[in-house]
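Engineer: Mapping the sequence shown onto the numbering used here, position 38 (from 1) lands on 38, and the numbers just tick up by one.
Treat the hints as calculated values from the structure; they're not laboratory data.
Just so you know, these numbers come straight off a predicted model, no measurement behind them.
Fair warning: there could be bad hints in the mix.
[Stated by the list, open to error] The calculated DSS-like cross-link candidates involving lysine-lysine, where the alpha carbons are at most 27 Å apart (straight line), are: (1) K154 with K176; (2) K154 with K179; (3) K168 with K149; (4) K176 with K149; (5) K176 with K147; (6) K147 with K97; (7) K41 with K89; (8) K147 with K168; (9) K168 with K179; (10) K154 with K168; (11) K149 with K179; (12) K179 with K147.
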Amino acid sequence: MQCDDTLLRDRMAAAQAGDKEAYALLLADLLPVVRGMVYRKRSFLDVADREDLVQDILLSLHAVRRTYSPDRPFLPWFYAIASNRLADKGRQDARYKRILDIGSDFHETFPAIATNTPFEGYGDQQELADAISQLPPGQRQAIELLKLKEMTLKEASSASGLTIASLKISVHRGMKTLKRLLRQGSDQ
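With these hints in hand, go ahead and build the complete structure from the sequences.
Structural biologist: Right, here's the structure in full:
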């Protein structure tokens, strides 16, 4: 499609003055131009990536539209924006490919036994519940919120009214006491 630079210049000037209809017409006129440019220069990309690039170019135009001077030709100004976005995308793709190439040298290994499986927990649940009930109230509450209910420190602080620092101390002391209580229970 052949674009009339004077028409585009006038539409851009009107858009800069706040005419939304002129701006919509400008974008409608530019869409096939941009799409043709992207599809010609980036034919190796899949359709979704080419359409993303078309949108990036139009968004770039939108972001810098106030820098256009209506006493200058429109198309050279616009083609500079489009060319810069195409170059940016090329550099971005090259960096991404380099990262993938670097990462391909590493081989993953997997342990024979899955991690974080339920059997890693404490064996006698009743003994654990009894030991937790023997904790001082502050330690018990911290253990219940942070370890059993798996709340974040911020959530537990909000729920309990305690500071994050006091929750950390209570959990540390509670875990130490629990280990002692459970060791005592298994010795008996």
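Engineer: None of the hints should be skipped; say for each whether it holds.
Structural biologist: Each hint tested on the structure:
1. K154 with K176: holds (22 Å)
2. K154 with K179: holds (25 Å)
3. K168 with K149: holds (15 Å)
4. K176 with K149: holds (19 Å)
5. K176 with K147: holds (14 Å)
6. K147 with K97: violated (42 Å)
7. K41 with K89: Distance of about 12 Å is within 27 Å: holds.
8. K147 with K168: holds (11 Å)
9. K168 with K179: holds (17 Å)
10. K154 with K168: It holds: about 11 Å lies between the C-alpha atoms, which stays within 27 Å.
11. K149 with K179: holds (19 Å)
12. K179 with K147: Between K179 and K147 the Cα gap is close to 14 Å, so the pair holds against 27 Å.
Figure legend: structure checked against the earlier numbered hints; the only hint not met is number 6.
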